[in-house]
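Enquirer: Residues per chain, in single letters:
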Amino acid sequence: MKIPRFSRKTLGIPYAVFLVFFVIVPMCVILFYAFTDRDMHLSFSNFLRFFSDPTKLSTIVYSIVISLITTVICLVIAYPVALILARSKLKKKFVILMLFVLPMWINFVLRVNALRELFNLLSQAEALSWLENANIFKTVVGMVYDFLPFMILPLYTTMLKIDNSLYEASADLGGNAFTAFFRITLPLSMPGIMSGVTMVFLPSMTNYVVSDMLGNAKVTIVGKFIYEYFGSDWHMGSMVALVLLIVVFVSTLLSGGFKSEENVRGTNL
Amino acid sequence: MRHPILKSCLKAAVVGIVLLLLYLPILLLAIYSFDKTDMIGRFQGFSFKHYSDLFTNPKVLGMIGNTFLLAFLAATLSTVLGTMGALGMFYCKKRMKTAMHAVSQIPVINAEIVTALSLAITFVAVGLGKSYFTLLIGHMVICTPFVVLSVMPKLKQMDNSLYEAALDLGASPFKALMQVVLPQIIPGVISGFMLAITLSLDDYIVTVYTRPTGFETISTYVFNATMKGNAHTAVTLSSFWALTTIIFVVIVLFVVISNLAGRRNKEADR
Numbered sequence: 001m002k003i004p005r006f007s008r009k010t011l012g013i014p015y016a017v018f019l020v021f022f023v024i025v026p027m028c029v030i031l032f033y034a035f036t037d038r039d040m041h042l043s044f045s046n047f048l049r050f051f052s053d054p055t056k057l058s059t060i061v062y063s064i065v066i067s068l069i070t071t072v073i074c075l076v077i078a079y080p081v082a083l084i085l086a087r088s089k090l091k092k093k094f095v096i097l098m099l100f101v102l103p104m105w106i107n108f109v110l111r112v113n114a115l116r117e118l119f120n121l122l123s124q125a126e127a128l129s130w131l132e133n134a135n136i137f138k139t140v141v142g143m144v145y146d147f148l149p150f151m152i153l154p155l156y157t158t159m160l161k162i163d164n165s166l167y168e169a170s171a172d173l174g175g176n177a178f179t180a181f182f183r184i185t186l187p188l189s190m191p192g193i194m195s196g197v198t199m200v201f202l203p204s205m206t207n208y209v210v211s212d213m214l215g216n217a218k219v220t221i222v223g224k225f226i227y228e229y230f231g232s233d234w235h236m237g238s239m240v241a242l243v244l245l246i247v248v249f250v251s252t253l254l255s256g257g258f259k260s261e262e263n264v265r266g267t268n269l
Numbered sequence: 001m002r003h004p005i006l007k008s009c010l011k012a013a014v015v016g017i018v019l020l021l022l023y024l025p026i027l028l029l030a031i032y033s034f035d036k037t038d039m040i041g042r043f044q045g046f047s048f049k050h051y052s053d054l055f056t057n058p059k060v061l062g063m064i065g066n067t068f069l070l071a072f073l074a075a076t077l078s079t080v081l082g083t084m085g086a087l088g089m090f091y092c093k094k095r096m097k098t099a100m101h102a103v104s105q106i107p108v109i110n111a112e113i114v115t116a117l118s119l120a121i122t123f124v125a126v127g128l129g130k131s132y133f134t135l136l137i138g139h140m141v142i143c144t145p146f147v148v149l150s151v152m153p154k155l156k157q158m159d160n161s162l163y164e165a166a167l168d169l170g171a172s173p174f175k176a177l178m179q180v181v182l183p184q185i186i187p188g189v190i191s192g193f194m195l196a197i198t199l200s201l202d203d204y205i206v207t208v209y210t211r212p213t214g215f216e217t218i219s220t221y222v223f224n225a226t227m228k229g230n231a232h233t234a235v236t237l238s239s240f241w242a243l244t245t246i247i248f249v250v251i252v253l254f255v256v257i258s259n260l261a262g263r264r265n266k267e268a269d270r
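Chains R and F, in that order, give the protein sequences. So in this note's numbering, spot 240 of the first sequence is number 240, and the numbers just go up one at a time. So in this note's numbering, spot 239 of the second sequence is number 239, and the numbers just go up one at a time.
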């Protein structure tokens with residue numbers, strides 16, 4: 001086979017260079033800053049300082065709890081919705097799915113602002129005046145509101161792939177609706193659950209726009225730490241970022257995002 | 001199934017309630033964007049005041065222009081870079097391919113704030129500082145991997161023998177690529193471009209970390225205005241209601257029109 005000199009492989013070179021300079025190098029820079037002190041000497045003091053500070057640790061736990069609550073609520077709302085849509089025999093069901101995705105195209109900050117105005121209105125009512133200071137409640141509602149489509153979409157796509165004949169077989173063999181759900185729907189939608197959970201959990205731990213705008217800046221999440229350190233101490237900021245990075249990769253590994261060992265080595269970590 | 005009607009009513013109710021909650025804040029703003037006062041609560045009278053505020057405030061207009069220009073530039077560059085990258089990755093050796101794919105996944109799965117911080121520190125450390133260039137690069141880092149992800153499946157579905165046939169028939173590799181391969185992957189390229197536009201328009205965190213001083217997008221402007229409090233920025237805050245409504249209407253129109261156009265195309269194909 002004669003292979004022409006112009007190789008299609010060369011098309012990938014610009015992107016490879018781009019990835020090296022703007023993904024790999026920045027990750028190495030983070031790694032470097034996380035393990036050095038202000039005089040650029042190698043040190044673990046950032047880790048020691050961070051993990052020996054009880055207020056920092058409690059904020060991290062608090063942030064994780066908020067993310068967990070958000071993720072669970074998203075799952076509880078999104079699962080039935082995705083299942084109803086995926087199993088529906090309506091011809092136009094993609095239109096309904098579209099309705100769920102549509103608000104995502106409005107600017108994220110404007111959407112949070114809309115929710116903020118709604119809360120302001122509701123808290124004017126006598127019975128709902130507690131809303132004004134319910135910072136955590138409002139933050140969680142805001143996160144669920146913003147990240148719900150990220151949960152619905154992966155669930156819907158995995159549920160759509162479930163073969164209908166499985167349900168027919170289950171019914172033929174005398175299985176009731178519960179057996180069908182626990183033996184077919186739930187196990188086969190597991191990949192969707194996993195990717196939905198990661199897509200909601202991570203932003204709800206790091207996206208401080210929602211917690212600042214709805215929690216009157218009184219709800220501190222991990223992402224806010226990094227923001228605060230960016231102004232004052234890059235070494236500490238990098239350290240928190242590195243910890244987050246490790247959490248992300250471990251959770252991706254656990255949910256099967258990477259198939260082979262080689263992939264992990266390729267991430268340069 | 002003893003009560004099929006009851007069951008389908010229940011299903012419709014679940015979907016309906018979630019949708020209602022999802023749209024409630026937006027509808028509220030849409031209604032009050034036509035109110036003449038700055039208070040949400042009681043409708044005082046119909047007026048286009050908030051809309052005229054929006055279109056006469058040069059600062060607000062500037063940041064809207066900034067947002068769309070940046071999104072267009074970032075999406076265009078990301079689409080070119082990502083499509084070329086996907087083609088290169090698709091045809092290169094397996095080991096290189098998996099390595100590039102893995103690195104390309106990092107910005108996708110990573111928390112946005114980690115990407116933003118790593119870029120910002122790197123830019124400052126190498127002396128690039130913060131400029132429109134760094135902002136553009138920042139947006140490309142979050143957009144390009146998604147372009148690659150949407151082009152890749154189309155490459156895998158593609159019939160590879162067509163390219164070989166084009167070469168056998170005397171086309172140059174470049175010509176074969178442009179006239180045979182590209183038309184087959186163009187749906188993936190277009191959806192990648194659209195995805196890149198929405199990611200860039202929506203972005204707050206990367207923008208904050210990489211933008212030059214004084215540069216505002218819709219996200220940063222609205223965030224700062226709301227965080228400063230209602231007192232002295234009340235007029236601008238209510239003009240955001242108008243902005244939200246306009247964006248919402250544009251999106252709805254876009255979806256309806258593209259669906260209608262898609263249907264017409266399908267009918268024409270038949």
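Rather than coming from a laboratory, the hints here were simulated on the basis of the structure. A portion of the hints provided could be inaccurate.
Said to hold, decoys possible - Covered, in the sense of this in silico footprint (three residues per stretch, anywhere, with C-beta under 8 angstroms from a C-beta of chain R), are these stretches of chain F:
1. 12-24
2. 104-118
3. 121-132
4. 238-245
Even glycine gets a Cβ: it sits at the ideal position worked out from N, Cα and C.
Enquirer: Take the hints in turn and mark each one as holding or not.
Expert: Against the structure, the hints:
no.	hint	result
1	12-24	holds (count 8)
2	104-118	holds (count 13)
3	121-132	holds (count 3)
4	238-245	holds (count 4)
Violated hints for the displayed structure: none, as all numbered hints are satisfied.
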